[in-house]
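Could you build all of it, start to finish, from the sequences and the hints given here?
There are 2 protein chains.
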Amino acid sequence: MNYRFYNAKILTMETTDIIEGELWVQGDQILYVGKGGDAAAICQSLSIESILWDREIDCEGNLLMPGFKNAHTHSAMTFLRSRADDLPLSEWLNNQVFPMEAKLDGEMIYHLTKLAVLEYLTSGITSIFDMYLTPETTARACVEMGMRCVQVSGTSGQEGFEASLAHMEERYQTLNQLDPLHSYFIGFHAEYTCSKALLEQVAAMAHKYKAPVFTHLSETKSETEGCRERYGMSPTKLLDSLGMFDYGGGGYHCVWLDEEDMEIFRKKGLSVVTNPGSNTKLASGIAPISAYLKRGINVAIGTDGPASNNCLDMFREMFLVTGLAKLREQDAAAVDALEVLKMATVNGAKAMNLPDTDVLAKGKQADIIMIDLHQPNMQPINNIPKNLVYSGSKQNVKMTMIQGKILYENGQFTKAYDVEEIYRKANEIVTSLG
Amino acid sequence: MNYRFYNAKILTMETTDIIEGELWVQGDQILYVGKGGDAAAICQSLSIESILWDREIDCEGNLLMPGFKNAHTHSAMTFLRSRADDLPLSEWLNNQVFPMEAKLDGEMIYHLTKLAVLEYLTSGITSIFDMYLTPETTARACVEMGMRCVQVSGTSGQEGFEASLAHMEERYQTLNQLDPLHSYFIGFHAEYTCSKALLEQVAAMAHKYKAPVFTHLSETKSETEGCRERYGMSPTKLLDSLGMFDYGGGGYHCVWLDEEDMEIFRKKGLSVVTNPGSNTKLASGIAPISAYLKRGINVAIGTDGPASNNCLDMFREMFLVTGLAKLREQDAAAVDALEVLKMATVNGAKAMNLPDTDVLAKGKQADIIMIDLHQPNMQPINNIPKNLVYSGSKQNVKMTMIQGKILYENGQFTKAYDVEEIYRKANEIVTSLG
Chain L
315 MNYRFYNAKI LTMETTDIIE GELWVQGDQI LYVGKGGDAA AICQSLSIES ILWDREIDCE
375 GNLLMPGFKN AHTHSAMTFL RSRADDLPLS EWLNNQVFPM EAKLDGEMIY HLTKLAVLEY
435 LTSGITSIFD MYLTPETTAR ACVEMGMRCV QVSGTSGQEG FEASLAHMEE RYQTLNQLDP
495 LHSYFIGFHA EYTCSKALLE QVAAMAHKYK APVFTHLSET KSETEGCRER YGMSPTKLLD
555 SLGMFDYGGG GYHCVWLDEE DMEIFRKKGL SVVTNPGSNT KLASGIAPIS AYLKRGINVA
615 IGTDGPASNN CLDMFREMFL VTGLAKLREQ DAAAVDALEV LKMATVNGAK AMNLPDTDVL
675 AKGKQADIIM IDLHQPNMQP INNIPKNLVY SGSKQNVKMT MIQGKILYEN GQFTKAYDVE
735 EIYRKANEIV TSLG
Chain D
315 MNYRFYNAKI LTMETTDIIE GELWVQGDQI LYVGKGGDAA AICQSLSIES ILWDREIDCE
375 GNLLMPGFKN AHTHSAMTFL RSRADDLPLS EWLNNQVFPM EAKLDGEMIY HLTKLAVLEY
435 LTSGITSIFD MYLTPETTAR ACVEMGMRCV QVSGTSGQEG FEASLAHMEE RYQTLNQLDP
495 LHSYFIGFHA EYTCSKALLE QVAAMAHKYK APVFTHLSET KSETEGCRER YGMSPTKLLD
555 SLGMFDYGGG GYHCVWLDEE DMEIFRKKGL SVVTNPGSNT KLASGIAPIS AYLKRGINVA
615 IGTDGPASNN CLDMFREMFL VTGLAKLREQ DAAAVDALEV LKMATVNGAK AMNLPDTDVL
675 AKGKQADIIM IDLHQPNMQP INNIPKNLVY SGSKQNVKMT MIQGKILYEN GQFTKAYDVE
735 EIYRKANEIV TSLG
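Keeping their order, the protein sequence lines are chains L and D. Count along the first sequence starting at 1, add 314, and that's the number in my numbering. Count along the second sequence starting at 1, add 314, and that's the number in my numbering.
It should be emphasised that the hints constitute simulated quantities derived from the structure, not laboratory data. Since this is a predicted model, take the numbers as computed values, not measurements.
Using 27 angstroms as the maximum straight-line C-alpha spacing, the simulated DSSO-like pairs for lysine-lysine come out as follows:
#1 D:K323 - L:K739
#2 L:K581 - L:K608
#3 D:K739 - L:K323
#4 L:K664 - L:K524
#5 D:K551 - D:K535
Pasting the structure below:
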C-alpha cells in the first residue's frame, strides 16, 4: 500500500525541529519526508516517474513522528495485571507471579501476548523488546498481528526458559530467520538467578556470534548487594569480567549502578533500559538517569511487564523518566523533555538493533504514529516535544503504523483483529489459572 | 433529561464492591442505583408511578463511577503549558510565570479556563477546586460549560487577586449565590506571600462566617524553613495559632508537614490536597501520604495548574499518589489503590464541601463517569479498582456527566461547545502575551 500523509506536522527525530509538510509511504518504507509542494517535482527528485496512492490522508495539522520503542517488557504477563498489587515484592513474586507462571503454556502465552499488542498500539508503541517463556508463540502472536518484536533469552538454566545453551543457540538461529518483523538476542534472566557456569556459557556464546547480551541488571538494592557478597563485586563488574559485554548489549532497570559500573557502560557502549513505572510500583528506587546522560550512555525506556506496572503506556513512562530524575536530583531542570523523546525513539532503536526504525527519513521502515493535536491537553501549541512528554496521553494516539500497515486508527483496531475474542480468551486463561 | 443506564458495572464508592445493574438519572439527580430488573417494581419502590426516558444507554458492561474531584488547580494557566519547562523553580516563577500573568485580563482568563474545562472532561473530572485571578470570569466559563467549580481566594494583599479583605468578602457573598454549580471559599495564596496582618484578617473573616480556609501550604522545603526563620514555627502551626483553621479547611501540596503539623491537621479535621505531578515536575519533593493516612487525615488529590504539571489528568495523579508513596516508604504495599480511588472521589468532595457529589446513590447529584472496560489496558478484568489506579488512562473515559448533563461521550464534546474556537482563542491569547 502507498500512503500520502499531507497537511502534517512532522517530528522526524533526526532533529527536533517541526517540519510542516508531507510524508509518503511506499510498501513498508518511507519514500519521502519534506515540505511537499509539486508532486511531479518530488517524484523527479526521487527518481520515480509517478506514484499511485492507495490512500491520501489529511493529517489536519496533526503530528507524525517515529513510533515508540518499548525496550523492555514481558508481554504475556497481561494475565497478572491488577491481580496482585500493593504487596511487598517478595510476596508478590513468590506467592503470586511464580505459582501462576508455572501453569502457563505456549498457547496461553500466544493469546496473552496478543492482548499486550493491542495495548502497545493504543500507546503508539511500534516495537518491543520482550523476554518471556516460549518465544516461538510470542513471535507468532507478534508477526500475525504485525508488531515489530525483538526477543531476548531469559534463561536461568531452569525449565521454562531455555534450560540449556544448546536450546538458546537453536533459537538464536531459527528465531532470527523467522520474519523481517522479528529478531532474537542472546540474554539471561539476571545474575542472581544464574550460576557462574551458566553466565560463562552465555558469554562464550556472545563471543562465538560477536553478539550483544541483555539481562535484568541491578533492579533492586538487595540483589546488587547480594552479588557483592557472592562475588566481591557488582553485577555489572562481574559480568564484564566474564567478557559478557565484549560485543555490546546492556541492562534492564539499572537502578543501582555505581560509578565503576557506569564507566563500564560508557566504555563498552552498553545501553541502560530504564523502567520507571515498574521501579516505582515495586518500590525498587529511582535510577540515576542524569548521571547516565552525563556520561553519554545510551538510555532507552521500557514499560516492563503488565504485572509490575500495570499498563503498557509510553506516555506515563516518559513523564516518569524526567519527573523522577527531577525528584532524585532535586532539580526541576534535570533531564530535558527532548532527551526523553530521544530515549523513547532513537535510543530504543539503537538498543534493540533496529536502525531502520529510529527516525522518519527516506528509506527507513514506516513505523509511524500520528499524535492528535486537536485535543485540549495538546493546546495551546507552545512546544510540541515538551507537550508530548509532559502532557501526552494514549488518548492522543490517532494512528499507529508498523511496517507500512495501519494497525490502529481513530480508536479502532484494524479489522484483521478480533478484539473481543482476544479479551475473552485472556479472561478465560485467567480463570483457568485459578 | 431522564437517563437509564443499563447493563452496567457500578462502583458507587459507598463500598468498593462492584454492582452489576442499572443507574437512573432524573434531571440533575440520581434516582436509582441497583441491580435493575422489573421497572414497575423499581418505580413502586421509589414511590413514583412511572418514568419516561429521554435516553436509555446500554453500557455494554462498562463501569459507572462518581466523577473525579480535582481538589487543586489553576485552570487558566493553560496559557503556560509547555512554555517554560525544565527550568529551575525560581527562574520558572520569576522569569516566566509572573511576567506573563501580569498581562492577563479577565476575558483571557475566561477563554483559557474553557480550554482547561475541555481537558477535565476528557479525564473524567466533574468538579474542580480553583484558585486564580478574576474568579468572576472563571465562574462564567465553568457555569456556561456546565463544570462544577469551587473557587478559593488566592489573595496576598496585592493587586490581581483580592487586594483587600472587603473585596474577598464581597466575592464571598456574590460568588456563593451565583449558580448551583458554583461556590467560593475563603483562602489566601500562601504564608510566604502574605503579611501577618493580612493572615489575621483572613482568620477573622473565617471566624465571622464560621468557614473553612484553604491555602498553598508547605509546598517546598525552603518556604517551610523560611517560615520557621520568620516566625519560629512551621506554617501550619503559625496559621493555627492565628485561629485560621478553627472552622476547618486545609492545605494544597503539604509536602513538608512535620509530626506536629499532622497532629494539627488531625485534631482540626483539615484536608491535605496532594499534587504529586506538580511536586514531581518542580522537584518539590514527595508528600508523606502514608503518614497522613495513618492519622486518619482526609487526603484529596489535585492536578495543580497546567503550567506546573503540565496536564490535567487524574489518572496520572492517582498512579503517582501511590507510586511515589511506595518509593518514599520503600514499600510496594504502601497506599493501597482503593485508598487512592477514595481520595480522587469521596475525599475530594469532602474537602470541597460537595457532599452531594461524593458517591453514586439515590438523591446525589448526577456527576457520573463511564469507564471503557473494552480497552486492552482494562483487560483481563481481575480487579477493577486496582486497574483504574494502576492502568487507567484518559483513553478509558467513555462519558462524563455533570449535574445530569452529558458533556463528553465517545471522544466527542457536547455540541454546545465550539472546541476549535476555544483552541484558536487560547493560541491567540498566547501570541498576544508575547
